[in-house]
Amino acid sequence: MKHDGPMAEAQSILLVEDAPELQGVMRRYLERCGYRVIVAGSVAEMQEEWSASLPDLVLCDINLPDGDSREATRRLRIHDHAALIFVTSRDEVADRIQALDGGGDDYVVKPVILDELAARVRSVLRRRGGRSSFLMVGNWRLDLVRKQLVSPGGEQASMTAGEFSLLMAMGVSVGNVVSRDVLLEAIGRREDRDVTARTVDTLITRLRRKIPPAATARDLPRPVIRTVRRSGYRLDLV
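Heads up: the sequence shown begins at 1 in our numbering, then just goes up one per residue.
Don't read these hints as lab results, they were simulated from the structure.
Treat the numbers as computed from the prediction; the structure is a model and nothing was measured.
Glycine included, every Cβ here is placed at the ideal spot set by N, Cα and C.
Hints should not be assumed to be uniformly reliable.
Stated by the list, open to error - Restraint ranges, calculated between C-beta atoms of paired labels, are given here: (1) Lys147 - Pro111: 39 to 45 Å; (2) Glu21 - Leu100: 26 to 32 Å; (3) Arg96 - Val25: 19 to 25 Å; (4) Glu71 - Lys147: 28 to 34 Å; (5) Thr202 - Gly175: 22 to 28 Å; (6) Asp236 - Ala119: 35 to 41 Å; (7) Glu155 - Glu116: 45 to 51 Å.
Using the sequences and the hints, build the whole thing.
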């Protein structure tokens, strides 16, 4: 059977499903359709993979071993940056409404019909084709396509690949603490080299020099990138 998959560079899908057999079936099917598939089996794994990979679409079960994914997808602001489809056995009308009101682009009830799932994926990706290609870092704009950091005045800041990877990993989880382990994964995956926790700290220091503290409502300067002791770093909305 011929599938109408992506025509150019493979689009990426984060598949969040805790049942190993179903996860395997869905992954293999979507890969045959031409997508690049990353998998996660819990809310914690979803957060790590989302921050490190920034996929085009997230297929997400609701009931996961460590919590309800709907709250996590809202907290991570996934719908701001990627398409989001919930795939779940919960078929009550109230569940559908809550998921769609919370940012879901579509809602698929198990048992999954794979051909239908692929059609819904294609449809949602087409609708989201014009989604934003940048993230806001304080009053600065991080362009995900051109890999540029642009100041409020329109000036482009020079950035290394490692600095860009860190900003993107924190940007997709803005307002939430991102652990050093997640940041290490983001740098290592994109730079294809060994990195250490010290590498993360050094890159954060360099970024702070490039992005000055932002003024608060009381005109008090506040760092855009904040250190959370023993946890990691957090990118704040200002």
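Going down the list of hints, with the structure as the test:
no., hint, in the structure
1, Lys147 - Pro111: 39 to 45 Å, "holds (41 Å)"
2, Glu21 - Leu100: 26 to 32 Å, "holds (28 Å)"
3, Arg96 - Val25: 19 to 25 Å, "holds (24 Å)"
4, Glu71 - Lys147: 28 to 34 Å, "holds (31 Å)"
5, Thr202 - Gly175: 22 to 28 Å, "holds (24 Å)"
6, Asp236 - Ala119: 35 to 41 Å, "holds (40 Å)"
7, Glu155 - Glu116: 45 to 51 Å, "holds (48 Å)"
Every hint from the earlier list agrees with this structure, and none is contradicted.
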